[in-house]
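Using the sequences provided together with the hints, build the complete structure.
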Amino acid sequence: MQKVKLNNGIEMPLLGFGVFQMTDAAECERAVIDAINSGYRLIDTAASYQNEIQVGNALKQSGIARNELFVTTKLWLQDTSYEGAKAQFERSLNRLQLDYVDLYLIHQPYGDVHGAWRAMEELQQAGKIRAIGVSNFHPDRLADLIAFNNVVPAVNQVEVNPFNQQLQAVPWMQSRGIQPEAWAPFAEGKNGLFQHPVLSAIGEKYGKSVGQVVLRWIYQRGIVSLAKSVRKERMEENINILDFELSPEDMLQITALDTATSAFFSHRDPAMVEWLTGRKLDV
1 MQKVKLNNGI
11 EMPLLGFGVF
21 QMTDAAECER
31 AVIDAINSGY
41 RLIDTAASYQ
51 NEIQVGNALK
61 QSGIARNELF
71 VTTKLWLQDT
81 SYEGAKAQFE
91 RSLNRLQLDY
101 VDLYLIHQPY
111 GDVHGAWRAM
121 EELQQAGKIR
131 AIGVSNFHPD
141 RLADLIAFNN
151 VVPAVNQVEV
161 NPFNQQLQAV
171 PWMQSRGIQP
181 EAWAPFAEGK
191 NGLFQHPVLS
201 AIGEKYGKSV
211 GQVVLRWIYQ
221 RGIVSLAKSV
231 RKERMEENIN
241 ILDFELSPED
251 MLQITALDTA
261 TSAFFSHRDP
271 AMVEWLTGRK
281 LDV
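Those letters in the sequence shown? Residues 1 to 283, per my numbering, in order.
Hints should not be assumed to be uniformly reliable.
In silico DSS-like links for lysine-lysine, alpha-carbon gap of 27 Å or less [to be verified]:
| hint | residue 1 | residue 2 |
| --- | --- | --- |
| 1 | Lys86 | Lys280 |
| 2 | Lys232 | Lys190 |
| 3 | Lys280 | Lys128 |
| 4 | Lys208 | Lys3 |
| 5 | Lys232 | Lys205 |
| 6 | Lys60 | Lys5 |
| 7 | Lys280 | Lys205 |
| 8 | Lys205 | Lys190 |
| 9 | Lys208 | Lys190 |
| 10 | Lys86 | Lys60 |
These are computed hints drawn from the structure, not numbers from a lab.
Here it is, written out as structure tokens:
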């Protein structure tokens with residue numbers, strides 16, 4: 001798998017495997033092992049997914065050297081503070097059964113993000129984290145974080161799919177040396193994505209699935225993407241995107257699908273902020 005160099009010089013695979021909503025322990029463990037056997041080396045989890053133990057078990061069973069894997073986890077809201085981040089990170093590390101993680105993200109743009117960021121800077125300096133970043137931050141929140149701290153986020157993981165393309169945010173991030181990473185690249189199938197006539201026609205032209213077209217489109221924009229499936233054949237299909245290239249016309253056709261609206265929710269919706277900040281988890 002091709003890699004991208006982050007702003008601190010470390011390399012990150014351009015396509016990874018995510019375990020969001022994999023709540024069945026045995027299924028999650030098996031899925032991560034299948035993903036690694038299919039060629040994935042970037043594995044993305046989070047404290048709030050409550051499956052870090054299963055991910056850690058799978059990593060140990062995989063037989064792949066630690067330095068060949070790129071492991072991401074995330075700080076949940078209730079501990080988004082200096083002391084909270086230090087404590088929750090150690091719990092995540094223990095659950096993952098690792099000595100370090102490759103990427104640690106602030107999961108949501110709320111709470112004491114500046115205090116948490118200072119803690120993460122220290123953990124990075126101590127060698128426990130190779131790169132630090134954020135998730136779901138709009139450019140204005142990124143600008144605020146950059147202005148008052150020492151380390152520029154290496155990654156911002158945000159929703160990117162054909163219906164919410166982040167056409168303004170992605171170039172802004174890239175101009176500041178922040179690597180965009182896409183969650184929900186398939187919009188969880190919303191808006192009829194897998195049957196969309198434009199995406200289907202492009203796929204037919206190359207003998208590829210709609211999923212492969214979407215992942216290739218994200219890849220050609222220089223964005224890291226996270227594909228999720230519990231089916232090994234789908235994992236293998238999703239990672240097989242390097243043997244074709246979308247034309248400029250294809251890219252423009254997909255750009256035209258943008259609605260600049262989340263397929264899920266807005267992180268600026270007060271009701272959603274209240275719901276997220278009230279979600280206390282045993283992490």
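Going through the hints against the structure:
About 18 Å separates the Cα atoms of Lys86 and Lys280, which keeps this hinted pair within 27 Å; it holds. Distance hint between Lys232 and Lys190 is fulfilled; the C-alpha atoms sit about 22 Å from each other, no more than 27 Å. Restraint check for Lys280 and Lys128: the C-alpha separation of about 26 Å stays at or below 27 Å, so the hint holds. As the CA atoms of Lys208 and Lys3 are separated by approximately 22 Å, the hinted pair is consistent with the 27 Å bound.
Distance check on the hinted pair: Lys232 and Lys205 sit about 25 Å apart at the alpha-carbon level, within 27 Å; holds. A C-alpha spacing of about 26 Å is found between Lys60 and Lys5, which places the hinted pair at or below 27 Å, so the restraint holds. Distance check on the hinted pair: Lys280 and Lys205 sit about 47 Å apart at the alpha-carbon level, beyond 27 Å; violated. Between the alpha carbons of Lys205 and Lys190 the distance comes to roughly 23 Å, so the proposed pair stays at or under 27 Å and holds.
For the hint pairing Lys208 with Lys190, the CA-to-CA distance comes to about 20 Å; that is within 27 Å, so the pair holds. Restraint check: the Cα-Cα separation between Lys86 and Lys60 comes to about 24 Å, which is no more than 27 Å; the hinted pair holds.
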